[in-house]
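**Student:** Each chain, letter by letter, is given below.
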Amino acid sequence: MTLLNVTGIDKSFGPVHVLHGVGFTVDPGEVVGLVGDNGAGKSTLMKIVTGMYSADAGDVALEGNSILGLTPGDRRALGIEMIYQDLALARQQDVAANIFLGREPVRSVFGMKFVDRKAMKREAQSMIDRLGAKLPAINRPVGSFSGGQQQSVAIARALTFNPKVVIMDEPTAALAVREVQGVLDLIRQLRDEGIGVILISHRLNDVLSVTDRIVVLHHGRAAANLTTAQTNMAEVVAAIVGGSDMADAAAHEARG
Amino acid sequence: MTSTDPRMSTPEPGLWARVQARSIEQLHIRLESLVVLIGLAALMAVLSPFFLSVSNFLNILLATSTIGVLAIAATFVLSSGGLDLSLGSVLGLSGVVGAAVAVKLGAPMPIAVLATVGAGALAGLVNGLIITRAYVPAFIVTLGMLGIARGLALVISDGRVIYGLPNAMVYLGQGRPFGIPMPVIIFVVTAIIMHIVLAYTRYGRHTLAIGDNENAARTAGINVDFHRLTLYTLSGGLAGLAGLLFATRINSGDPTAGITYELTAITAAIIGGTNLFGGRGSILGTMIGALIMGVLQNGLNLLAVQSYYQQMAIGAVLILAVFIDQFQVRKESRV
Ligand SMILES: Nc1ncnc2c1ncn2[C@@H]1O[C@H](COP(=O)(O)OP(=O)(O)OP(=O)(O)O)[C@@H](O)[C@H]1O
Ligand SMILES: [Mg+2]
Numbered sequence: 000m001t002l003l004n005v006t007g008i009d010k011s012f013g014p015v016h017v018l019h020g021v022g023f024t025v026d027p028g029e030v031v032g033l034v035g036d037n038g039a040g041k042s043t044l045m046k047i048v049t050g051m052y053s054a055d056a057g058d059v060a061l062e063g064n065s066i067l068g069l070t071p072g073d074r075r076a077l078g079i080e081m082i083y084q085d086l087a088l089a090r091q092q093d094v095a096a097n098i099f100l101g102r103e104p105v106r107s108v109f110g111m112k113f114v115d116r117k118a119m120k121r122e123a124q125s126m127i128d129r130l131g132a133k134l135p136a137i138n139r140p141v142g143s144f145s146g147g148q149q150q151s152v153a154i155a156r157a158l159t160f161n162p163k164v165v166i167m168d169e170p171t172a173a174l175a176v177r178e179v180q181g182v183l184d185l186i187r188q189l190r191d192e193g194i195g196v197i198l199i200s201h202r203l204n205d206v207l208s209v210t211d212r213i214v215v216l217h218h219g220r221a222a223a224n225l226t227t228a229q230t231n232m233a234e235v236v237a238a239i240v241g242g243s244d245m246a247d248a249a250a251h252e253a254r255g
Numbered sequence: 000m001t002s003t004d005p006r007m008s009t010p011e012p013g014l015w016a017r018v019q020a021r022s023i024e025q026l027h028i029r030l031e032s033l034v035v036l037i038g039l040a041a042l043m044a045v046l047s048p049f050f051l052s053v054s055n056f057l058n059i060l061l062a063t064s065t066i067g068v069l070a071i072a073a074t075f076v077l078s079s080g081g082l083d084l085s086l087g088s089v090l091g092l093s094g095v096v097g098a099a100v101a102v103k104l105g106a107p108m109p110i111a112v113l114a115t116v117g118a119g120a121l122a123g124l125v126n127g128l129i130i131t132r133a134y135v136p137a138f139i140v141t142l143g144m145l146g147i148a149r150g151l152a153l154v155i156s157d158g159r160v161i162y163g164l165p166n167a168m169v170y171l172g173q174g175r176p177f178g179i180p181m182p183v184i185i186f187v188v189t190a191i192i193m194h195i196v197l198a199y200t201r202y203g204r205h206t207l208a209i210g211d212n213e214n215a216a217r218t219a220g221i222n223v224d225f226h227r228l229t230l231y232t233l234s235g236g237l238a239g240l241a242g243l244l245f246a247t248r249i250n251s252g253d254p255t256a257g258i259t260y261e262l263t264a265i266t267a268a269i270i271g272g273t274n275l276f277g278g279r280g281s282i283l284g285t286m287i288g289a290l291i292m293g294v295l296q297n298g299l300n301l302l303a304v305q306s307y308y309q310q311m312a313i314g315a316v317l318i319l320a321v322f323i324d325q326f327q328v329r330k331e332s333r334v
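Protein chains in written order, with numbering that gives the first Met the number 0: chain A, 0 to 255; chain B, 0 to 334.
No lab work stands behind these hints: they were computed from the structure. Quick caveat, the model's predicted, so the values are computed rather than measured. Errors might be hidden in some of the hints.
Unchecked claim - Per label pair, the in silico range of CB-to-CB distance: (1) B:A20 <-> A:G146: 21 to 27 Å; (2) A:A76 <-> B:I195: 36 to 42 Å; (3) B:I192 <-> A:F160: 27 to 33 Å; (4) B:V188 <-> A:R106: 21 to 27 Å; (5) A:S143 <-> B:L319: 22 to 28 Å; (6) B:F138 <-> A:H201: 57 to 63 Å; (7) A:N161 <-> B:F177: 50 to 56 Å; (8) B:A20 <-> A:A76: 30 to 36 Å.
Said to hold, decoys possible - If you want a taste of the chain B side facing chain A, the calculated C-beta under 8 Å gives, among others: (9) R21; (10) S22; (11) E24; (12) A44; (13) Y199; (14) R201; (15) R204; (16) D211; (17) N212; (18) A215; (19) G220; (20) I221; (21) V223; (22) G278.
Glycine included, C-beta positions come from ideal geometry on N, C-alpha and C.
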């Protein structure tokens with residue numbers, strides 16, 4: 000059964016028509032790449048899936064049930080997680096507070112519910128260890144971390160609550176080579192666990208190496224839906240730039 | 000600690016830094032404010048022979064109680080990235096409403112108390128509704144409410160002080176069980192409860208997260224608008240409680256009560272380590288800030304400094320506190 004089914008999404012910001020009837024699917028244990036030029040509408044489409052933006056038309060269904068009417072919190076509770084391009088971290092709060100933001104474990108004392116800091120710290124630490132992330136200290140404000148370290152915190156937050164779909168919007172943008180490999184391995188591991196992954200990235204080599212399918216957005220339209228095993232860099236690039244200059248762009252991408 | 004490897008890249012943090020870190024993590028206060036409070040008290044003790052006494056200490060707490068309750072409200076709103084400039088006016092309005100209900104309508108004490116706090120909460124709810132539904136900035140909305148609430152207090156009271164609250168109410172302002180003034184008891188209990196709420200409950204943690212990064216809070220599934228609405232309502236309710244303390248202490252509803260109190264309350268919160276732009280704040284810290292203001296005012300009183308100069312001192316302390324805070328933030332972000 001299809002895990003995530005997005006159909007006919009339309010979205011305008013005032014006069015700017017950003018998405019035109021976009022649809023795609025993700026199966027359990029499938030890694031789908033979402034690529035396209037800057038401003039193609041990738042982040043907007045994903046924010047419609049998580050509920051941060053509302054759609055003007057179309058539907059988003061998880062395991063066959065429409066989730067468009069649900070709040071971002073409800074959708075998270077159903078297992079849709081996203082690592083946002085801007086990371087969306089609370090910079091003055093520590094690692095545990097960020098990972099558990101909105102889902103803090105509580106402990107009852109005389110019928111009143113208090114945040115269980117100890118449990119939060121413990122589980123945050125074990126998640127960070129599992130990811131092999133190198134953080135200076137778990138009880139420091141994340142704003143004092145490097146870009147890559149912050150990215151690790153954002154990734155840890157998305158994986159802590161057994162998600163069904165993980166959307167990664169440029170998760171490797173701030174990472175060093177070794178860490179990029181770590182994230183790609185992590186994506187494969189999520190796939191093996193039956194989790195659906197959507198990867199947005201401008202690093203086409205990474206996308207080609209880790210995905211099963213690649214959806215290309217061009218000016219807010221789903222321009223191509225390619226099976227990774229049967230495509231190549233040139234075809235992907237051609238779809239991204241939309242026909243014109245594709246020989247040039249493909250040659251450039253092959254060099255870079 | 001006997002041998003230190005000279006190649007060690009990160010030096011062992013000093014004693015101050017370690018105590019500071021623990022103090023922030025466990026008590027949610029910055030040490031500097033505590034040092035300033037103790038230093039200021041020591042200075043006053045040297046300057047005035049009357050300063051160091053139990054009765055003067057209770058005086059300071061009593062004088063701090065009204066401002067202290069307002070400062071709790073200011074801490075919640077500021078640390079959520081908001082602002083409530085209407086605190087002083089809402090205090091005045093609440094006191095007048097409570098007095099009118101008790102004196103003119105002759106309502107029993109619990110009803111009058113509820114009306115006082117409720118009037119404040121209602122004003123706060125209106126603030127919150129306009130801020131979260133009409134997207135008018137908090138600065139403008141609460142500045143408007145500053146004028147509206149004060150005007151309304153004058154309309155209701157016909158510009159006159161409403162005297163003669165029933166005894167049961169006056170007890171809240173003037174009673175002294177075990178020799179401790181009632182306002183001090185109410186203030187301290189409120190502070191303890193609100194400290195726990197801000198530091199240890201999901202509501203409190205979400206308040207800080209919203210002030211830190213509203214977008215992060217939204218993506219985490221927090222209903223930011225509704226949370227804001229409850230914060231402004233809480234702020235108004237606390238201003239109502241402060242109005243109750245004020246009115247019952249002077250045994251009347253005074254439509255001019257609490258003018259410029261928001262200035263002092265916000266100053267106390269900032270001195271206590273609340274981030275003016277949200278994301279950081281603690282009630283314990285704010286209490287230290289409020290006590291600093293209280294000791295300052297008490298000391299200047301004992302030294303017979305004119306109240307006009309005291310106003311100037313409060314304004315100067317506010318600017319100084321924000322300066323030091325910004326200085327700290329810049330220093331820390333440079334590391
Ligand atoms: N909140 C918003 N208000 C107005 N316009 C927006 C908003 N968010 C996105 N847009 C517009 O929608 C279009 C698509 O933006 P989007 O962020 O989805 O692109 P993207 O494919 O993620 O690009 P990039 O690769 O640069 O991240 C852009 O033209 C952008 O200006
Ligand atoms: Mg984007």
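**Student:** Decide, hint by hint, whether the structure agrees.
**Tutor:** Structure-based check of all given hints:
1. Checking the proposed 21 to 27 Å range against A20 (chain B) and G146 (chain A) shows it holds: the Cβ atoms sit about 24 Å from each other.
2. At about 27 Å, the beta-carbon gap between A76 (chain A) and I195 (chain B) misses the expected band of 36 to 42 Å.
3. At roughly 31 Å, the beta carbons of I192 (chain B) and F160 (chain A) sit within the given window of 27 to 33 Å.
4. Against the hinted window of 21 to 27 Å, the Cβ-Cβ separation of V188 (chain B) and R106 (chain A) comes to about 23 Å, which satisfies the hint.
5. A hinted range of 22 to 28 Å holds for the C-beta pair S143 (chain A) and L319 (chain B), which are about 26 Å apart.
6. Take F138 (chain B) and H201 (chain A): their Cβ atoms lie about 40 Å apart, and the range 57 to 63 Å is violated.
7. Separated by about 54 Å at the C-beta atoms, N161 (chain A) and F177 (chain B) satisfy the suggested range of 50 to 56 Å.
8. Range check, A20 (chain B) to A76 (chain A): about 34 Å between beta-carbon atoms, so the 30 to 36 Å window is met.
9. Checking R21 (chain B) against chain A by beta carbon gives a least distance of about 10 Å; that is not within 8 Å, so the hint is violated.
10. Taking 8 Å as the C-beta cut-off, the interface hint given for S22 (chain B) is violated, the closest approach to chain A being about 13 Å.
11. The criterion of a C-beta within 8 Å of any C-beta in chain A is met by E24 (chain B), whose closest approach is roughly 6 Å, and the hint holds.
12. Because the closest C-beta pair between A44 (chain B) and chain A is about 36 Å apart, greater than 8 Å, the hint is violated.
13. Because the beta carbon of Y199 (chain B) sits about 5 Å from the nearest beta carbon in chain A, less than 8 Å, this interface hint is met.
14. Because the closest C-beta pair between R201 (chain B) and chain A is about 5 Å apart, less than 8 Å, the hint holds.
15. Of the supplied interface hints, the one on R204 (chain B) holds, with its beta-carbon coming within about 6 Å of a beta-carbon of chain A, less than 8 Å.
16. Among the interface hints, the one on D211 (chain B) holds; its C-beta lies about 4 Å from the nearest C-beta in chain A, closer than the 8 Å criterion.
17. For the restraint placing N212 (chain B) at the interface with chain A, the shortest Cβ-Cβ distance is roughly 5 Å, inside the 8 Å limit, so the hint holds.
18. For A215 (chain B), the interface hint holds, since its Cβ comes within 8 Å of a Cβ in chain A; the closest pair sits about 4 Å apart.
19. Using the Cβ-Cβ criterion of 8 Å, the hint placing G220 (chain B) at the interface with chain A is satisfied: the shortest such distance is roughly 3 Å.
20. Interface hint at I221 (chain B): satisfied, since its Cβ lies 5 Å from the closest Cβ of chain A, which is below the 8 Å cut-off.
21. With a cut of 8 Å, the hint placing V223 (chain B) at the interface with chain A is violated, because the nearest CB-to-CB distance is about 10 Å.
22. Because the closest C-beta pair between G278 (chain B) and chain A is about 4 Å apart, less than 8 Å, the hint holds.
The structure is inconsistent with the numbered hints 2, 6, 9, 10, 12, 21, although it conforms to all the rest.
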